[in-house]
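Q: Each chain, written out:
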Amino acid sequence: MSGVGIKLAAPSSVGPKPKLRALLVEDNALDAELVLRALRKDSFEVSALIAQDEAGFVQALRTHCPEVILADYNLPNWTGMEVLNVLRRQNLDIPMILVSGALGDVLAVECIRQGATDYVLKDALARLPEVIRRALKEKYERSLRHQAEENLAKKVDELARSNADLEQFAYVASHDLQEPLRMVAAYTQLLSERYKGKLDENADKFIGYASEGALRMQVLIQDLLAFSRVGRANGNCANVDCNAVMEEVLKTMAPAIQESAAVVKRTNLPSIWADRTQMSQVLQNLIGNALKFRGKEPPVISVQAEKADQHWRFSVRDNGIGIAPEFAENIFVVFQRLHARTEYPGNGIGLAICKKIIERAGGKIWVESEGSGGSTFKFTIPVQSPDRKDGMA
Amino acid sequence: MKSARRLLIVDDNPADVTLAREALEVCAPDCEINSVPDGVEALAFLNRRDKHAEALRPDLVILDLNLPKRGGLDVLAAMKAGPHLRRIPVIIFSTSQLGRDVARSYELGANCYVCKPGNLTEFFATMKAIEQFWFGSATLPPRGE
Numbered sequence: 000m001s002g003v004g005i006k007l008a009a010p011s012s013v014g015p016k017p018k019l020r021a022l023l024v025e026d027n028a029l030d031a032e033l034v035l036r037a038l039r040k041d042s043f044e045v046s047a048l049i050a051q052d053e054a055g056f057v058q059a060l061r062t063h064c065p066e067v068i069l070a071d072y073n074l075p076n077w078t079g080m081e082v083l084n085v086l087r088r089q090n091l092d093i094p095m096i097l098v099s100g101a102l103g104d105v106l107a108v109e110c111i112r113q114g115a116t117d118y119v120l121k122d123a124l125a126r127l128p129e130v131i132r133r134a135l136k137e138k139y140e141r142s143l144r145h146q147a148e149e150n151l152a153k154k155v156d157e158l159a160r161s162n163a164d165l166e167q168f169a170y171v172a173s174h175d176l177q178e179p180l181r182m183v184a185a186y187t188q189l190l191s192e193r194y195k196g197k198l199d200e201n202a203d204k205f206i207g208y209a210s211e212g213a214l215r216m217q218v219l220i221q222d223l224l225a226f227s228r229v230g231r232a233n234g235n236c237a238n239v240d241c242n243a244v245m246e247e248v249l250k251t252m253a254p255a256i257q258e259s260a261a262v263v264k265r266t267n268l269p270s271i272w273a274d275r276t277q278m279s280q281v282l283q284n285l286i287g288n289a290l291k292f293r294g295k296e297p298p299v300i301s302v303q304a305e306k307a308d309q310h311w312r313f314s315v316r317d318n319g320i321g322i323a324p325e326f327a328e329n330i331f332v333v334f335q336r337l338h339a340r341t342e343y344p345g346n347g348i349g350l351a352i353c354k355k356i357i358e359r360a361g362g363k364i365w366v367e368s369e370g371s372g373g374s375t376f377k378f379t380i381p382v383q384s385p386d387r388k389d390g391m392a
Numbered sequence: 000m001k002s003a004r005r006l007l008i009v010d011d012n013p014a015d016v017t018l019a020r021e022a023l024e025v026c027a028p029d030c031e032i033n034s035v036p037d038g039v040e041a042l043a044f045l046n047r048r049d050k051h052a053e054a055l056r057p058d059l060v061i062l063d064l065n066l067p068k069r070g071g072l073d074v075l076a077a078m079k080a081g082p083h084l085r086r087i088p089v090i091i092f093s094t095s096q097l098g099r100d101v102a103r104s105y106e107l108g109a110n111c112y113v114c115k116p117g118n119l120t121e122f123f124a125t126m127k128a129i130e131q132f133w134f135g136s137a138t139l140p141p142r143g144e
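Chains as they are written, first to last, in numbering that gives the first Met the number 0: chain E, 0 to 392; chain V, 0 to 144.
Same shape as in the complex, but just chain E (with noise of 0.2 Å):
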C-alpha cells in the first residue's frame, strides 16, 4: 500500500510519560528522523506515523489520532496547504506546524492563515519542541474555551425554556383558575345579596369576607394574566413618537390628575423604536404611582428623557412620600407591596409590569428616592433595537 506510512514507534515506548502521538507529512525518511531525533532530545516520547501523500495522510488521521501534525511544505504530489484543507474538511482541530525548508514569507505568512499554527525551519529544529508545547497548550486551552462556551449556551437555552415553561404555566395556571373563582364569586354575592339580614349577624360578615376574598382574587389574576401577557405579546414594535404617548396618557389619565391637582411637567420626549402599547403602560403606571403615593402637597411630577450613550434614559420624578433605599428593589419584584392596603390601594404589580417591558426592551429601570423627597424613576430604552435592522431609519 502506497500511501500507508512507515511505523517509527519510538523503542522506549513504555514509559510514566504518555506518548505524543505525532504526524509527520514528509517524504524524505532521513528528514523525518531528523524531526524525531529533535523531540526526542527534547525529551518528548513519540509515537510518529510518516504519511507521504493525502491517501496516507487521510488514513493515518483516522487510525493514529494525532494530537499534531508536522509536515513538510513541499511534497512531490502535494503541498501542507492542502494538509490544511483536508483538517478543515474534517474539521478536526489539530495543531498543524509547518517543518520545512525555506519557504519564503509570502508562503509561510499564507498557509499560517489558512490555519497553521507555526512554521519550524528544518534546520532551527531545536525550536521545534517549544513550537509543540505551546500549540498543545493553545489547543488545550481552546478546547476548555469551546467547552465554556457550549455549556454556557446550553445554560442560556435551558433558562429561555424554563422561563418560558414559567410564562406558560403563569398564564394557564391564572386564565383557568378564573373560572372556579367566577362561581365562588357569583355565589357568595348572591348569598350576600338574597340573605343579607336573613341569617345571623355573623352570617353576614362571613359572607362579605368570603366576597371581598373572591373579588380581590379575580383582580390579582387579571393582574397576573396583564403580567404574563408582557412577556407574550410580542413583535408590536415601530418608531413611537413618546410626545404623543404621554399625550394620550395624559387625557387617559385626566381625570384622576384633576381630582389630585397634579401638575405633570415634560419635556420633549424623544422618538423611540418601542411597542407603543407597552410604552404608554409604562408611563402610565408610573404617572400613577406619583399620583397615589403623594404626600401632602399636591403632586408635580416631571417627564423627561435624554440621550446617554446608546440609550435614551427617560425618568419620572415626583415630589411623593419617596422610597426608603432599602425597597428600592423589592417594588419591582411582582406582588411586593411596602404599604398596608388599606393605606395605598393596589396589588403591587404596575412596576412589575414596568421592569419586564423595559428589560424586554433592552432597557433598565430603577429608581432614586431620598426617602421622604419624592422619588424619581429612571428607565433606559436603546436608541436603536439591537435586532432592528438597519437601513430604516
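Heads up, simulated DSS-like pairs for lysine-lysine below, C-alpha to C-alpha not over 30 Å straight-line:
| hint | chain 1 | residue 1 | chain 2 | residue 2 |
| --- | --- | --- | --- | --- |
| 1 | E | 195 | V | 127 |
| 2 | E | 40 | E | 121 |
| 3 | E | 306 | E | 355 |
| 4 | E | 291 | E | 250 |
| 5 | E | 197 | V | 127 |
Hints are computed from structural coordinates only; laboratory data are not their basis. Keep in mind it's a predicted model, so treat the numbers as computed, not measured.
Following the hints, position chain V against chain E.
A: Below, chain V alone, put in the same frame as chain E:
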C-alpha cells in the same frame, strides 16, 4: 300577545345555568328555559332526536364554547350548516377572551359574542341586556313550525 319565548342554554356548568335562570327569572319570568350540558345533547335537542324528540324549537341559543363531547364552535358550525337551524340566533357566551375564539365564532355565523362577566351584578346586567334586546328590540325569525 306573543307566546312565551324559548331559550336554550348550552353550558356544562350547572352553576352558570342556575345564574342565568336566576337572572331571567327576575327580568323575563315567562321565558321558557331549557338547558343541555354538552354539544352532542345540544344538537339532539335542536334536531329533536332521542330523549329530546318532544323538544320545541328555541328562539334563541346561548352557547358556551368549552363543552364536553362536541365543542361550542362545532355545535355552531353544525347549526349554521342545517337549513332549518341556521336562522336561530346564537349568542356565544364564554369566559374566553381570546381573539381567535371571537373571530372564529363570528366567521361561523354567531350572532354575537359575549364574555361571561366575572361578578354577579354584571352577569345579571348582561343577561338582562340579552333578554331585552333579543326578546324585546329584535324581531326574531318566524319559528316555521
